[in-house]
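Input sequences plus hints: build the corresponding full structure.
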Amino acid sequence: AQSVTQLGSHVSVSEGALVLLRCNYSSSVPPYLFWYVQYPNQGLQLLLKYTSAATLVKGINGFEAEFKKSETSFHLTKPSAHMSDAAEYFCAVSRMDSNYQLIWGAGTKLIIKP
Amino acid sequence: DAGVIQSPRHEVTEMGQEVTLRCKPISGHDYLFWYRQTMMRGLELLIYFNNNVPIDDSGMPEDRFSAKMPNASFSTLKIQPSEPRDSAVYFCASSSWRADSNQPQHFGDGTRLSIL
Chain A
1 AQSVTQLGSH
11 VSVSEGALVL
21 LRCNYSSSVP
31 PYLFWYVQYP
41 NQGLQLLLKY
51 TSAATLVKGI
61 NGFEAEFKKS
71 ETSFHLTKPS
81 AHMSDAAEYF
91 CAVSRMDSNY
101 QLIWGAGTKL
111 IIKP
Chain B
1 DAGVIQSPRH
11 EVTEMGQEVT
21 LRCKPISGHD
31 YLFWYRQTMM
41 RGLELLIYFN
51 NNVPIDDSGM
61 PEDRFSAKMP
71 NASFSTLKIQ
81 PSEPRDSAVY
91 FCASSSWRAD
101 SNQPQHFGDG
111 TRLSIL
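Protein chains in written order, with the working numbering: chain A, 1 to 114; chain B, 1 to 116.
Hints were generated in silico from the structure; no laboratory data involved. Glycine residues also receive a C-beta, built at the ideal position from the N, C-alpha and C atoms. Warning: the hint list may mix true and false statements.
[Stated by the list, open to error] Among the chain A residues that face chain B by a calculated CB cut under 8 Å, a handful are:
{"hint": "1", "residue": "F34"}
{"hint": "2", "residue": "Y39"}
{"hint": "3", "residue": "L46"}
{"hint": "4", "residue": "K49"}
{"hint": "5", "residue": "S70"}
{"hint": "6", "residue": "Y100"}
{"hint": "7", "residue": "L102"}
{"hint": "8", "residue": "A106"}
{"hint": "9", "residue": "G107"}
{"hint": "10", "residue": "I112"}
[As the list claims (entries may be wrong)] Simulated restraints on C-beta separations:
{"hint": "11", "chain 1": "B", "residue 1": "G59", "chain 2": "A", "residue 2": "T5", "range": "18 to 26 Å"}
{"hint": "12", "chain 1": "A", "residue 1": "R95", "chain 2": "B", "residue 2": "T38", "range": "17 to 25 Å"}
{"hint": "13", "chain 1": "A", "residue 1": "A17", "chain 2": "B", "residue 2": "N51", "range": "27 to 35 Å"}
[What the hints assert, rightly or not] Sample of chain A residues with no beta-carbon within 10 Å of chain B, all distances over it, derived:
{"hint": "14", "residue": "L7"}
{"hint": "15", "residue": "V11"}
{"hint": "16", "residue": "V13"}
{"hint": "17", "residue": "N41"}
{"hint": "18", "residue": "K58"}
{"hint": "19", "residue": "N61"}
{"hint": "20", "residue": "E64"}
{"hint": "21", "residue": "F67"}
{"hint": "22", "residue": "T77"}
This is the structure:
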């Protein structure tokens, strides 16, 4: 069965430091890939999505993600963390048998230290 | 454009009562999803509709849960009777499908349900 693994339920970085949130997926063919962000007491908001046009995808709020087929990874990065980035981040992969359904990672809570 | 609209935002009720959650998807979207989010189980897909027709309800926890989509602009998720373990945040999401691109799901702000 397809799966999505997000390494680390919590990641803590200092303000201004690099943010790296890891996502690995299991799929025999390149799927559709998404990162969502959830701020407290809000719904999930699309951060970025992978299209086959480019392996490096830029999203909102300065985030980007790189698709690496050989590693089956889609890690999320941001060069310099801001206090407002504190939120929970979810990686999602489209199902092979129906690309409108998503398989969700467990989420990573990003904590920003002043 | 208006996003996905859910109501109520918060619901507190006593065990045994009927609970109805409402969702208005984005106009033109032909897929609608109901999710439940808890600390223990994360984000779970309960049911989804395509063109107002339920396609997969295998995620619905038990017969106490039911969902309807009487038209393209409205869906309900009902719990009857409610139990404390149903306490969670319930999200509605909608999307449109295109064969040649990956259309994301758009989420509402959720309904925070507390069953006492």
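Of the hints stated earlier, which fail here? 2, 5, 10, 13, 17
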